[in-house]
Structures are given as C-alpha cells and as structure tokens.
Amino acid sequence: MSTLVKPGTRYKSTVCDTEVIIVKPSSGPIDLRCGGQPVVEVGAEVPAGLTLDPAFSGGTPLGKRFADPESGLELLATKGGAGSLSIGEVPLPLKDAKPLPSSD
Amino acid sequence: MHLGMLLEMAADGLADRIALGPRVGGLTFAELAHRARRIGAALQTLPGDRVGLIDLNSPAVALTLFGSAIAGKPFVPINYRLADEQLRAIVTRTAPATVVVGAGVAERLGEIDGIHLITRDELLAIGADPEAKEADGWGGDAEDIAVLLFTSGTTGEPKAAVLRHRNLTEYVITTVEFAGSAEDEVAIVSVPPYHIAGVSAACSSTYSGRRIVQLESFEPRAWVDLVRAEAVTHAMVVPTMLGRILDVIEADGQGLPSLRSISYGGGPMPLPVIERAVTMLPHVGFVNAYGLTETSSTIAVLGPDDHQAAISSDDPEVRARLGSVGRPLPSLEVSIRDAAGVEVPTGEHGEIWVRGGQVSGEYLGIGRIENDGWFPTRDEGHLDAGGYLYVHGRLDDVIVRGGENMSPGEIEAVLIDHPAVEEAAVVGIPHRDWGEQVVAAVVVTGDVTEEELQRHVRAKLRSSRTPEHIQFRTELPFNENGKLLRRVLRTELEQAFA
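Residue numbers (full-length UniProt numbering), protein chains in the order written: chain Y, 1 to 104; chain E, 1 to 498.
Hints listed in this document are in silico derivations from the structure and should not be mistaken for laboratory results.
Values in this document were obtained by computation on a predicted structure and should not be read as measured data.
All C-beta atoms, glycine included, are put in the ideal place defined by N, C-alpha and C.
This list has only true hints and no planted wrong ones.
Label-pair ranges, simulated between beta-carbon atoms: (1) 41/Y <-> 222/E: 48 to 54 angstroms; (2) 43/Y <-> 343/E: 43 to 49 angstroms; (3) 27/Y <-> 131/E: 46 to 52 angstroms; (4) 61/Y <-> 25/E: 27 to 33 angstroms; (5) 337/E <-> 89/Y: 44 to 50 angstroms; (6) 343/E <-> 93/Y: 32 to 38 angstroms; (7) 61/Y <-> 22/E: 27 to 33 angstroms; (8) 49/E <-> 61/Y: 33 to 39 angstroms; (9) 108/E <-> 46/Y: 53 to 59 angstroms; (10) 222/E <-> 54/Y: 53 to 59 angstroms; (11) 41/Y <-> 276/E: 52 to 58 angstroms; (12) 276/E <-> 27/Y: 50 to 56 angstroms; (13) 49/E <-> 7/Y: 23 to 29 angstroms.
Which stretches of chain Y does chain E cover? Using the computed rule of at least three CB atoms under 8 angstroms from a CB of chain E, they are: (14) 60-66; (15) 70-83; (16) 92-104.
Here are some chain Y residues the structure puts well away from chain E; computed CB gaps all over 10 angstroms: (17) 25; (18) 31; (19) 44; (20) 46; (21) 49; (22) 53; (23) 54.
Modelling step: build the complete structure from the supplied sequences, incorporating the hints.
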C-alpha cells in the first residue's frame, strides 16, 4: 500500500505501540511500514490478524528522528514500540543530528 | 506537531524524572502532565478564547503554558512590570480571555470587559486535585496559535507576535534531542514568563528531560544561592544579569562549581563582561544565542568551542568572533540583504533575513509579510567568510548624518573597547545642518575625559562617526530584560545637547 504523507500527519503501527508524526513529507507516495506491516493513520481502524515480522523487530525508540535520504521523508517517533520502521523492505535510518549547544 | 505532544512524550519516556522544582519534592514529568491536563480541562470550560498570565515565575507558568495548549487556547504571558494604564491596555487587547494573576494584579486591573480572572493559587489547586477531570489528547493541531507574546515596544506600540505550535515544536525538535539531558542536569530560569526565553526554556527542558528550578524574578544574590543549593548545571542570562552575578561570586569567593553552561542573549554582551566571565568561571561552557521573539528563540549560536578558539587565537578574524553570535542553526537559512531585499556579498552589512520552520514573523491583526517564507528581522548584521553572523543593532536605530548611514552598535563597540568604559550607548539626535548628529552616553570606571574618548573613536573609525557630545552617567536606561531603552536615552540626550 502506498501512502502520500503530509507534515503533521500521525501514523501508528498495526503490530506494536509505535506511533510517528511526519516532520517533512516525502517527495512522492511511499510505503511506510512498522514491524514489517503498513502503518495506518492514528484514529483509523487497525486491520485484524497482522503479526510483527521478526525481520523488523529491532524496535523504534521514543523520541528518535528518522530520515529517508531517497524520498526526503522525515519523521519523529512519538511513541516507542517493538517493531522497526521501514520503507517497503528497506529499513528507515535514524536521522544523523549533530548536537547543538544548549541555548535555553 | 504540538506542544501537547512534547509534554506527552516526556511523560511517557521520562515519567519518574523530576521536571520542575526542587530535587526533593519537585513535580515529575508524569505529574506535570497530569496537572497540565487537569488545568487544560478547566481552561476549556473557563470563559474566553485565550489564556493570559500576569505573574512572577512559579510552577504555574509551565502548567499554564501546557494547560492552554491542551485546552486549545493561545497562552498570552503579559509583562507585570508595565504601568497600570499600559497593562490594562494590553489585557483589553487580549480579551476575551481567562487571565491567571499573581498577588496584587487583580487590584491593578479592575473590571475589564471580556476578562475573567483566576488566581495563581486557584489554578495550582485545580492542577493538584486528583479528583479533577483530565483533558485528553494534544489539544489541537500544528497550525493553532500556541503563544502570543507582546514585543517590548522599545521602538513603538507593542505588537503581539504569533507563535504557532509548529513554530515552537519545530524549534524544539530540531535543536534539542529528546531525553538528551543527563539525569543530574538542572536549568535555572530567571527570565520573566513573558520573555521568549522563558517560553523556550519550558519547552526545551521538557523535551530534553532537564529539571527546571525557578527564581520568582532575577536578583543576583538569590540567583547565586539557588544555583548552589540546587546544584544547577545550566543557566540562561541576559547581558545585564551576568555582570551582577560575577560581582556576587567575586565578593564571596565561593564560585559556582555545579555550573556547566551559561547561555547569554537578548542583547549585545559587552566584550569585557564575557572575558571576565570566561576567566572567573573557567569550567563553564559559554554559549551566545541570538534570536527574536518572532523566530521562536535562538537562530544562531556561538558555542563553547567557538569561545575558546576565539580567546586563544592570534588571528584577528578568529578573535573577533567573540563579538559574533556564531553560526546560524543548520535547520534554517540566514541571508544578509540590502534595502531592496537583494542579498549582499559576504562581509557587507545589511538587514538580517531568516527562513525556517521555527520562524513565524507574524503579528496578531497584521499578519505576516510574505517573502517566500523569509522574515526580515529589522536587525542589521553581516556574515564573515567562516559563516559567523555579526549583529550590529536595530535598523530603526541607524543614524543618518549628512546622508551617511551609521550603526550605533559599531561606535558603541569601539567605545566599550576603551579600558575605562563599562557601558556605552550611541544615538542620533536632530542637527540643523547634518539632519542628525552622533551623541553618546557612557558609564566609566576610571578617569577619562570626553576629548580622550573622542580621540579613541576617531583613531578607529572615520571622524564623522565620532560622537559630538559624550554624556557621563552612573547608569544607562535598560528595561528589566537588559534591553537598552533607546527612545528614553535619545530624549534625554536631546534635552542635554540638541
């Protein structure tokens, strides 16, 4: 399933507790998955009977940012979970963020 | 993204960590969220579309900020130091609203149409009541207004800057790592709640998991005592605070051993003060942060390594960077432009323009200037070859003498460079032949004459930039946030010299 994502849209995993919010949209439709299964928008019905694919069970830590260099998609994990994020079957890498000196 | 999201994430991932208050007995992130949700539910049913706050610092500030977000109403912290008439005028512009008030404020306001008052204690009691209803969810969406901040109005009628949830959250998630603070990190907040730094401190600390301790309002002795008592590791100060803090620790000789980082901003920091601070507090990392209310706080930082490199360098260009505000944040763009809006070559002076998700550049009732997302800051500055940004002051303060534009900041920097000068301010006052003439006011520590200071400026800048008159004073007029009151000074100098 392909999804066209907008900034601020929230998605949740269908097989674990992971929830994400879109920080930067992708340049086109993409197949965002968690735990090996397509994600659904928060508030949408979760299809029954799906299971977590062991190949995508590394986990998604709360508060981490992810970025897909290919599509430009960036997202933030607003809830952590047991499944890991991927675009299709390609794992979604963590965003490489250089720490800034604290200014507040 | 939404401020309610930041709080929910912290409550989720850092539930038992202390968020606010003393090491023993402070509120945990989980408790902070429960209380904010209770206050959010109450604010949904209280009258008005907005939530004001006129008070000193207390836990009610963060609770009202997040409670308003959860209630889906803009948070409007208002300057309690305003004279009664101005305060009433601003509150009237905030209506219809529920306003949280500290001691003595209700009496000052009297009856105002569309304004419902609730005391700080009443608000805190709602938050602490385990029986009170809790609101669900984040409270709205990213486009909603999170905060309205009245600008200080040093150059005119105060405007209400609009900060939307997406502006503030974009700033936080791009500059702060979630749960990135060590468990023993503590930030002291002594800037008032109506300052953008007060708002950004609450947001950033929540997201990074850093405990906050608060001073009701800034007083140097109390500040030093609280830093020592609570083993504070991080502090943000405006320029006028730092010198006074250094005076206290120099007098008692006890230092500030727990402190790791001081960030400063909100106005130009005199070089002698920062050099003194670096010498007296060698274990502290200094961060110069430049930002505006309209940009959700910081847009450029000069970090501890930059400070060290500048202080230890023989290269004049690198040394000069101590007077810069560092490099723009990687998440935004900065451009220096001429009066026509055209980018100028590196090194040349112009207006600082900025673009990025955290930049609002929007005012209530005025809207935002659409320049393809770019916000002209009205600050004058330049970028050096290394990408370091220098700020020379407000464009509205530029002096035009006989057709020549000159920025007060440049002349002030030269004056402060004189060993006897502690503070300096330069303004233009009317002149029959030149249109404007350059005059200065200085606070000095040693023996120095007007002629000597004029010679000092003439030796470094062209003679047209040399102040025609210099007034010696015991202090300059600053507002409580360390911003020079140029209009006040200009009027005084005009009376003395025009």
